[in-house]
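As they're listed, the protein sequences go chains A and B. Heads up: the first sequence runs through residues 1 to 264, numbered per the UniProt record's numbering. Heads up: the second sequence runs through residues 1 to 254, numbered per the UniProt record's numbering.
Hints in this document: simulated from the structure, not taken from any laboratory. None of the hints are false.
From chain B, some residues computed to sit far from chain A (all C-beta separations above 12 Å):
(1) Leu133
(2) Ile139
(3) Gly142
(4) Leu205
(5) Asn209
(6) Phe214
(7) Ala230
(8) Glu237
Covered stretches of chain A, as calculated for chain B (at least 3 residues, CB under 8 Å):
(9) 107-117
(10) 129-135
(11) 179-193
Cβ atoms here follow ideal geometry from the backbone N, Cα and C, with glycine treated the same way.
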Amino acid sequence: MSLERKEEHDHKAWMKKKDLTPIEATFLTTLIWLDKRLRIVDYLELLETLYYKVNLQMPKSHTEQYNLDNKFWYWYPLYTLGLFSTLAYVVAAISGALLGFYYSPATSGDPTTAYNSIEFIMRDLQFGFMLRSIHRWSAQVMVAAVFLHMLRVYFTGSYKEPRELNWLLGIVLISLTMVFGYTGYLLPWDQLAFWAGQIGVEMSLSVPLAGEWVAQLLFGGFTLSQATLQRMYILHVFLLPFVVTTLIAIHIGIVWVQGIAEPH
Amino acid sequence: MSDNESETKEIRTDGTGIVAPDNETPTWSERKARKTGLSRLTYEYFERARREDQDLRTESDYVERDVLAFPTWPHETVRNLSIASFFVGMILFLSATMPPHIGAPANPSQTPAIILPDWYLYWSFGLLKLNPLNPELAILGGQKIMADRTYGVLANGVVVGFIAIVPFLNKGSARRPVEQPFWAAVGVAGVVFAMTISLLAVKNLMPMNVDLLFDLTFLLPIVFGTVTYAVLKTMREGYMYNLNRRYYRLRPPK
Chain A
1 MSLERKEEHD
11 HKAWMKKKDL
21 TPIEATFLTT
31 LIWLDKRLRI
41 VDYLELLETL
51 YYKVNLQMPK
61 SHTEQYNLDN
71 KFWYWYPLYT
81 LGLFSTLAYV
91 VAAISGALLG
101 FYYSPATSGD
111 PTTAYNSIEF
121 IMRDLQFGFM
131 LRSIHRWSAQ
141 VMVAAVFLHM
151 LRVYFTGSYK
161 EPRELNWLLG
171 IVLISLTMVF
181 GYTGYLLPWD
191 QLAFWAGQIG
201 VEMSLSVPLA
211 GEWVAQLLFG
221 GFTLSQATLQ
231 RMYILHVFLL
241 PFVVTTLIAI
251 HIGIVWVQGI
261 AEPH
Chain B
1 MSDNESETKE
11 IRTDGTGIVA
21 PDNETPTWSE
31 RKARKTGLSR
41 LTYEYFERAR
51 REDQDLRTES
61 DYVERDVLAF
71 PTWPHETVRN
81 LSIASFFVGM
91 ILFLSATMPP
101 HIGAPANPSQ
111 TPAIILPDWY
121 LYWSFGLLKL
131 NPLNPELAIL
141 GGQKIMADRT
151 YGVLANGVVV
161 GFIAIVPFLN
171 KGSARRPVEQ
181 PFWAAVGVAG
191 VVFAMTISLL
201 AVKNLMPMNV
211 DLLFDLTFLL
221 PIVFGTVTYA
231 VLKTMREGYM
241 YNLNRRYYRL
251 RPPK
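Looking at chain A on its own, in the form it has when it is part of the complex:
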């Protein structure tokens, strides 16, 4: 901690003097080894400052202030919906990554390769039926939880004063969640998926001024084709995961910084 240079930097002698346990010795050796190369001490001081500025002094929450803990518990299920949707998102991400090993987004063949790969997952793949089931249900649960979460926030007035931006971010997130669901809905390329995609194309074509451009961008054309499926796939497994994960992190980060708004 001190800025004073220690005696000749003889860290080994210093360590011997200290009668350390093996764990401590290993830790210190590693720390010194890393510090010689990466100057961790500098960052530790920064972290220390952060610790004092951020961690030590936090405002009391409303529940603490008015000692409402005994009244607060029955609201708790409603206040955990955000966690619930995050958990469902994590479960969907894990099961989705596993499904991605076996799915291929191609409309060639009859029935299409995409459809066949889903059938393979459901029929032949060990645990595949359950895997798809988990993925689908966690997606359903996530959307439901996000909707209910929004209702909770609305009816407890939690979107008010310092939290407007997080409300807006939440609207972006709920929309992206639905886009997530929609793109995933199209991937099996069965009848429902195809015609839901058809509606999507028609809806984007109906957007004033930018309609055709939107249809081209999202669906790769005005009729459903290989390009559509491929775009849905990339949106679903590449673009949206990055964007949504980042936004969720920011959303939760803001909640962390601002504290949870409890009903007064």
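Given chain A, put chain B in place with the hints provided.
Below, chain B alone, put in the same frame as chain A:
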């Protein structure tokens, strides 16, 4: 003057504001500036003192906490872990008992009788069926200003846009529905509308008159909103009295 200043600078611990960071904590530039002479000695002394504090803290089994709250370990962690495993278990249970099936493969040449998105997009799908609400304007010679489809797509934007500006319309510190019956009524009407418009989306599956369904789609939210408003308005009188009584008991007016 100085009295006033010390009063305003006093750290508020009533939870209404962010408590200022510890004054003793030197800023990064301050630390850099204290690298020579007496200031360095001071800095070293502070470090020693802080370390001494730290040692005393770690020795004692009294946990010094600046935040008076629910302890993270074990209470909050155990609670979160149990809730998390319960939720994940619920998802697994649902997946095991109600696995999804897959329909017939895509066939562009055969339009199925029922075209539906997933349930959470029914509201959006229902907004596409607002044709009777798209006005035929006399000024355009009975023409509609935009196609029904465009009208439906724009309705999505209106709904999302309205939800987005709620924090900028509804201000103030009131939080509970009883304290602001109007906004609670708007919320209930919105929820009911989300449900009725979803039912409108599946109107060809609904065992009832489509015109009636269309009317109910817009009437039911109004009815439910009005009832909510009336009930909450009635409740508010007694509720606010109790709330204020409690508040005054807590902090008697000066």
